[in-house]
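Going down the list, the sequences are from chains A and B. For the first sequence, my numbering gives the first residue as 1340, with consecutive numbering after it. For the second sequence, my numbering gives the first residue as 2, with consecutive numbering after it.
Derived from the structure by calculation, the hints contain no laboratory data. Watch out, some of these pointers could steer you wrong.
Said to hold, decoys possible - Looking from chain B toward chain A, a few residues come up when the C-beta cut is under 10 Å (computed): (1) V89; (2) F103; (3) P116; (4) L231; (5) A238; (6) V281.
As the list claims (entries may be wrong) - Below, in silico cross-link-like pairs of lysine to aspartate or glutamate (DMTMM-like), each with a Cα-Cα straight-line distance of 20 Å or less: (7) B:K196 / B:E97; (8) A:K1507 / B:E149; (9) A:K1417 / B:E97.
Cβ atoms here follow ideal geometry from the backbone N, Cα and C, with glycine treated the same way.
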Amino acid sequence: MDKRYNFTNRPRAALSRPTVARNVMSRPTVARNVMSRPTVARNVIFTLTIILFLVVILLPIYYIFLTAFAPGEKLFTKPLTYLPQSLAIERFRDIFSALPIARYMFNSSMLATISTVLALTVSLLAAYAIARLQFPGANLVMIGLLASSMLPGTATVIPLFQMFQQLKLMDTLHGLLILYGSALLPITTWVLVSFLRQVPEEIEDAAKVDGASLFPLLWRIVLPVIRPGVATMFLINFIVGWNEFFTPLIFARGAGAKVITMALSEAQVIGASSEFEVSWGNMSAVAILATIPVFILTLIFQRQIVEGITSGVFK
Amino acid sequence: MFSRHNLSTRRILLAYLLVTPVVLWRLLTSVYPFLRTFYISFFDHSPVRRTFEFVGLDNYMALTRDANVDATLSFTVFFTTTSVALQVVLGLAIAELLNQRFRLRNLTRAVNLLPWAMAPIVIATAARWIFHQDFGLVNDIIWRLSGERPLWLINITSARFAVTLTDVWKNTAFLAVIFLSGLQGIPLELYEAAKIDGADGARSYWYITLPLLMPLIISMIIFTAIFRVLSFEIVYALTNGGPGTATSLLSYLVYLEGFRVLNFGYASAIAMLLFFIVLVVGLLGYGLLRRAWERL
């Protein structure tokens, strides 16, 4: 246990080192203006590797865009044409007219947002108790949360399905919120505890002397201090919630509570004459709608997301 | 004295009050359903046949005779080992790459995160198109290079690799991000000292970077392995577990048995097998991790 804490503290301390110091390590050993031949070769190989890496990541994504915007039969050519031929939006028109796509996207964003807010709220309460109020069983709660997050979703789904039927929670957004929120709790609590432990308690003591009661204290003093942690977990939890598929597959069978990830398979069969005919164009159009929001978030908040991912592991 | 005791009792009560929502929420939606699954696994329970009959270990005995379970376990082993190995090696390489200084580094780091951010179901569904025999991206590239068009999803071995490669494409970014911050946490003095001793890049990687990262690598292997065993979307959408049962995973089998065949008792037994495997992987990994710490 002690050793583990040693390690978990080390990278964090080093992470906060100024950026300049960190980069010394990766600075080329030979000055740029006196490049010797091996260095030129190294640079070329390095650049090619970066390009290969970018191509492997971006080409499949680009291909899905190409598919979604390719008009009708233009899709099926051998060999493939990689330049966009046109910007045909007919597939988007098709899927919007055949499926309640707007409703699905509304449901996805509602579920992702509200479950995130709920999970952050109750996790913050628990994290405050664990990090600040020494009470017997605090460790047990932490370990219990971690252990419960290891229980496979498939090992809880059948009883939950029966509970949801009895409680009339099937096909409802509030039913799904219970499950979406539940999945977020363990990691959110863990990360918030680690953020709280990094913040000196004295700030709160001053407020306590002034007689601030718990909720104003949390809202006005604690929350602003750990805002980076909360913002990070908000982003990651939103992405996780938006991408959810297994839970709605089981618990949302009516259109009212369905989400955008479920439209992928529905879009494939729009206008299909047989069960084996698949509309890859329609599928790609839905894939784009389901992906654009998380791409925008990722590209804007890259730093915060990385911070969140690593704080879940290191802290 | 009395008031102090009073204060600490109040503090403890407040603490319990604050953790109650989280604990209760998890108990009701995770712990209780899990225990209930364990209970149901001893019953012949089907909502279609309207049965709920205690059958002892029958469901577990049936597991040992089920050819689908055999096929699923063998693919689980292939998928987990291959995918984890590829992800760790590529993750370390990408971390090293993203740790260098170059123009557009921030953009490259953001691009690295894109597969992580995409929904597994989107990637799995799109991968069916990417691996399409005639018009897929992968076969187009292979055809341009070799004139061949392999049957990705029809052939057993290649279907297994298609699933694995798709999984690696999506999840390596996560490991790369973690390893990158591990790399950034290694004190630079160590490398400077090694350079004075005449160690080149490769050697200082082997003797300094890898040993220091080892505990992190091992814990990520455990973590990644557990999530590979639990995977669902990737085979649900990419292969439907096929051809035949060649790419079936336990979560997918639970889904089929529970929500297509509606055989809750037997599906629960499969779910318990899944839990048992996750537990074993977790405990084995924890043992390995402790040994790695002792060596450090």
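Here's how the hints hold up against the structure:
For the restraint placing V89 of chain B at the interface with chain A, the shortest Cβ-Cβ distance is roughly 14 Å, beyond the 10 Å limit, so the hint is violated. Contact between F103 of chain B and chain A, as hinted, is supported at the beta carbon level, the nearest pair being about 7 Å apart and thus within 10 Å. Proximity of P116 of chain B to chain A holds as hinted, the smallest CB-CB distance being about 6 Å (cut-off 10 Å). Against a cut-off of 10 Å between C-beta atoms, the interface hint on L231 of chain B holds, since the closest Cβ of chain A lies about 5 Å away.
Given the 10 Å rule on beta carbons, the hint for A238 of chain B holds: about 7 Å separates it from the nearest Cβ of chain A. For V281 of chain B, the shortest C-beta to C-beta distance to chain A is roughly 12 Å, which exceeds 10 Å, and the interface hint is violated. Pair hint K196 of chain B plus E97 of chain B holds up; C-alpha atoms about 18 Å apart against a cutoff of 20 Å. About 54 Å separates the Cα atoms of K1507 of chain A and E149 of chain B, which puts this hinted pair outside 20 Å; it is violated.
Annotation: proposed proximity of K1417 of chain A to E97 of chain B is violated, straight-line Cα distance about 38 Å (limit 20 Å).
Violation of the numbered hints given earlier is confined to hints 1, 6, 8, 9; the remaining hints are satisfied by the structure.
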